[in-house]
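Letter by letter, the chains look like this.
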Amino acid sequence: MRERRVNWVCTLTAVLVMLFLLAPLLVIILASFTPTPLVTFPPQGFSLKWYANVFSASNNFISGLGNSLKIGILATALDVILGVLAALSVCRYNFWGKNILLNYFTSPMYVPSVAFAFVLLQVYSQIGGIPGPVRIFIGHFIIILPYIVRNTVSVLHVFNWTLEDAASSLGANPAKVFFQITIPIAKPGILAGALLAFLYSFDEVALSSLLSTPKFITLPIRIMNYMELTFDPTLAAISTLLILGSLVLIVLMEKFIGLDMFVK
Amino acid sequence: MATLELRKLTKKFGDFTAVSEMDLQVADGEMIALLGGSGCGKTTTLRMIAGFTEPYSGSILVDGQDVSKIPPYRRNIGIFFQNYALFPHMTVFENVAFGLKMQKLSKAEIREKVEDILRLVKLPGMDNRYPREISGGQQQRVALARALVTRPNILLLDEPLSNLDAKLRVEMQVEIKHIQKEVGITTIIVTHDHEEAVSLADRVIVMNEGKTLQMGTPREVFDHPNSAFVADFMGFSTFIDGILGAPEENGLRPVLCGGVTLHVLESAAEGLETGAACTLAIRSENMELVDGPGTDVAAGTVRTSTYKGHRTRLEVENCFPGMVFPEVNGYMETTGGKQVFVRFPADRICIYKKQ
Chain A
1 MRERRVNWVC
11 TLTAVLVMLF
21 LLAPLLVIIL
31 ASFTPTPLVT
41 FPPQGFSLKW
51 YANVFSASNN
61 FISGLGNSLK
71 IGILATALDV
81 ILGVLAALSV
91 CRYNFWGKNI
101 LLNYFTSPMY
111 VPSVAFAFVL
121 LQVYSQIGGI
131 PGPVRIFIGH
141 FIIILPYIVR
151 NTVSVLHVFN
161 WTLEDAASSL
171 GANPAKVFFQ
181 ITIPIAKPGI
191 LAGALLAFLY
201 SFDEVALSSL
211 LSTPKFITLP
221 IRIMNYMELT
231 FDPTLAAIST
241 LLILGSLVLI
251 VLMEKFIGLD
261 MFVK
Chain B
1 MATLELRKLT
11 KKFGDFTAVS
21 EMDLQVADGE
31 MIALLGGSGC
41 GKTTTLRMIA
51 GFTEPYSGSI
61 LVDGQDVSKI
71 PPYRRNIGIF
81 FQNYALFPHM
91 TVFENVAFGL
101 KMQKLSKAEI
111 REKVEDILRL
121 VKLPGMDNRY
131 PREISGGQQQ
141 RVALARALVT
151 RPNILLLDEP
161 LSNLDAKLRV
171 EMQVEIKHIQ
181 KEVGITTIIV
191 THDHEEAVSL
201 ADRVIVMNEG
211 KTLQMGTPRE
221 VFDHPNSAFV
231 ADFMGFSTFI
241 DGILGAPEEN
251 GLRPVLCGGV
261 TLHVLESAAE
271 GLETGAACTL
281 AIRSENMELV
291 DGPGTDVAAG
301 TVRTSTYKGH
311 RTRLEVENCF
321 PGMVFPEVNG
331 YMETTGGKQV
341 FVRFPADRIC
351 IYKKQ
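Chains as they are written, first to last, in this note's numbering: chain A, 1 to 264; chain B, 1 to 355.
No lab work stands behind these hints, which were simulated from the structure alone. Treat the hints with caution; some may be incorrect.
[Said to hold, decoys possible] Below, in silico cross-link-like pairs of lysine-lysine (DSS-like), each with a Cα-Cα straight-line distance of 30 Å or less:
| id | chain 1 | residue 1 | chain 2 | residue 2 |
| --- | --- | --- | --- | --- |
| 1 | A | LYS187 | A | LYS70 |
| 2 | B | LYS167 | B | LYS181 |
| 3 | A | LYS176 | B | LYS8 |
| 4 | B | LYS104 | A | LYS176 |
| 5 | B | LYS177 | B | LYS101 |
| 6 | B | LYS69 | B | LYS101 |
| 7 | B | LYS101 | A | LYS187 |
| 8 | B | LYS181 | B | LYS8 |
| 9 | B | LYS338 | B | LYS308 |
| 10 | B | LYS113 | A | LYS176 |
| 11 | A | LYS98 | A | LYS187 |
| 12 | A | LYS176 | A | LYS49 |
| 13 | B | LYS167 | B | LYS122 |
| 14 | B | LYS12 | B | LYS167 |
| 15 | B | LYS69 | A | LYS176 |
| 16 | B | LYS338 | A | LYS98 |
| 17 | B | LYS107 | A | LYS176 |
| 18 | B | LYS107 | B | LYS211 |
| 19 | B | LYS181 | B | LYS211 |
| 20 | B | LYS107 | A | LYS187 |
| 21 | B | LYS177 | B | LYS308 |
| 22 | B | LYS104 | A | LYS187 |
Quantities reported herein were computed from a predicted structural model and do not represent experimental measurements.
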């Protein structure tokens with residue numbers, strides 16, 4: 001048995017760190033219920049009117065959320081296919097320059113997104129007539145790929161390739177080996193990558209603000225635009241809703257996939 | 001159940017020849033051991049039979065049919081991998097059932113076959129455990145069950161016992177042999193352990209650098225290796241250089257080793273010329289310690305002795321230029337520098353032309 005000793009300095013530090021993490025969230029949640037148009041703390045009274053404001057169609061938050069989800073989900077789904085194949089090619093085969101190729105696949109991670117958006121804008125204006133959703137989609141599609149490649153490579157890196165031989169000797173053709181052995185075993189990495197990629201896309205501001213058109217705006221851009229004109233607790237309300245959404249997502253994932261795989 | 005034939009099977013990796021023109025015929029139900037050090041080509045041979053790598057030239061025939069161009073998933077060959085290669089995301093039951101599911105059997109049939117085979121490998125009641133939740137020995141039984149349950153034509157075992165501790169090894173050796181005979185399946189086992197090869201197989205093939213050095217029954221290769229290299233690999237510990245003398249009346253031939261004359265059976269020295277430089281090989285356990293000088297006895301001094309539990313192994317110097325390693329039963333109290341007399345029984349000595 002190890003002696004249980006409480007180190008007060010450690011405990012205090014831990015508590016303070018937790019407070020720093022939690023306090024802003026608490027302030028936001030409390031502020032979202034203030035009736036006054038100026039965020040005051042502590043709040044005076046209770047009101048849900050800012051929430052009503054979030055859902056009012058004229059403010060375009062909900063359509064922004066819809067746009068963000070569409071872009072995020074579509075880009076993540078396509079990148080999972082592309083990213084997993086890229087990761088497989090690099091991990092399964094031994095060839096000259098495989099590390100160069102891996103770095104090439106993950107290079108969007110190292111380019112500042114503003115610089116990247118600038119280049120894309122140039123291309124778009126050369127071609128001309130590219131619709132808003134496509135402009136943002138292409139940007140996100142490229143910029144989130146590294147997260148899926150990296151995370152998939154990290155599982156495949158320690159993958160026991162003999163398992164594929166074993167399955168094929170037991171009568172599984174290459175497609176069955178892929179879908180019943182390789183993918184299920186690599187699933188934690190793929191899912192972790194997909195989650196990070198989706199969250200990146202969902203949160204992305206720099207790229208989207210340069211690429212979006214007035215007709216097609218993602219949620220973060222909508223929030224930014226709103227903030228430039230009005231600074232009322234509507235933003236606190238929407239933030240609270242996003243926090244709630246994240247919580248639900250985390251709980252669901254814990255329940256169905258298990259969170260421990262993201263920590264590994 | 002099937003016969004297996006390899007015809008001039010060759011595998012090259014660039015300039016390196018891993019397996020060179022290997023010929024082999026395996027009868028139905030026979031168990032063959034491919035024995036050799038790492039890089040001798042035994043595992044490459046196994047992978048070619050399984051279909052994981054394509055031969056450079058030559059052919060592989062199962063029941064007379066050339067299978068060299070058939071992909072592994074249509075060969076119906078069961079493989080036991082050195083690291084077991086159990087699917088970590090499947091339970092014991094699902095692992096064993098995988099091959100049957102690929103054959104599209106009904107659920108009831110699968111359940112019956114899996115239960116039968118788990119009983120055969122003595123692992124009932126483990127169905128719902130995951131591989132990481134069972135011991136190494138149990139994982140090994142699951143791997144064996146999985147390889148056997150589909151009734152493959154041929155069973156390939158890659159270093160099946162190398163990951164087990166000594167006690168479990170012996171147990172599994174008996175088990176594998178028993179199961180192999182019970183199922184009656186043609187089996188190739190790859191190993192670097194000569195005791196494993198000898199105790200399991202009907203025939204042993206000793207390989208080095210992609211070539212077959214010797215092929216024979218366990219007794220042939222164990223007692224009569226056909227070269228000093230094979231002898232060394234088969235556990236002969238002591239090698240002595242000498243000059244071969246002319247045949248004597250009693251069916252023996254003398255060999256002059258430094259100042260000592262040893263004898264070998266005339267049959268062992270067949271084909272060697274009188275006066276030829278040769279190498280004698282003998283196992284530790286076949287040398288005897290005697291009380292004093294005599295025929296076939298060499299005097300030497302003990303350098304070190306190692307008690308191995310039931311035997312004591314000595315390192316004796318000054319008999320011949322090289323070291324001699326006799327082993328005696330039980331514990332022997334010795335001190336460094338003590339004089340001993342080692343007898344080399346003529347019928348236990350193998351003789352080779354000096355390389």
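* **Enumerated hints in conflict with the structure, sorted upward** => Of the numbered hints, 3, 12, 14, 16 and 18 do not hold.
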